[in-house]
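Each residue of the sequence shown is one higher than the last, beginning at 1 in the UniProt record's numbering.
One or more hints might be untrue.
[Said to hold, decoys possible] Computed Cβ-Cβ distance ranges for the label pairs, DEER-style:
1. W20 - H53: 29 to 35 angstroms
2. D105 - H22: 30 to 36 angstroms
3. D116 - M88: 32 to 38 angstroms
4. R78 - T129: 19 to 25 angstroms
5. G42 - P112: 27 to 33 angstroms
6. L89 - G19: 31 to 37 angstroms
7. L89 - P25: 28 to 34 angstroms
8. R28 - D105: 20 to 26 angstroms
9. L101 - H27: 27 to 33 angstroms
10. K90 - T18: 15 to 21 angstroms
Hint data in this document are derived by calculation from the structure and do not stem from the laboratory.
Cβ atoms here follow ideal geometry from the backbone N, Cα and C, with glycine treated the same way.
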Amino acid sequence: MSVLTHTATAQEPSEPTTGWIHACPKHRLEPGIGLAVLLPDGHQVALFTTRDHHLYAVDNLDPHTGATVISRGIVGDRAGEPTVASPMLKHVFSLTTGQSLDAPDVRLNTWPVRVDGENVQIATTPHPTQNACAPAQSTTRAEQGTP
């Protein structure tokens, strides 16, 4: 598994601004193969591109197992909806909304993604929750209470 890390300047914790970080060069992404990206706050995000060259970013933490494996998931679609299935228990999530297609009360956070020249960037703040589902589980070791 590839995990990309980067250096970022510190921001005041009270600043709710969204910044963008360099995730990888565009040519590093292969359709259907995920890439794990470590954000400055410790969150891991799974970055995907599909065969039609759409970019998606969701939490890398599998809410069913607590393992950071979504980037190793199986990319596909269900009725035209782009999806990723966890490689462990095969729970399927929408890449567009993060919603579990198997458990209506579970979802992954989704993250804005953009291309800047030849580089893919991910926002440092996830999209607002798209529905009333329970929030995704913690996505950093500190939030999980793990050293």
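Just pull the numbers of the violated hints for me, sorted ascending. 1, 5, 8, 10
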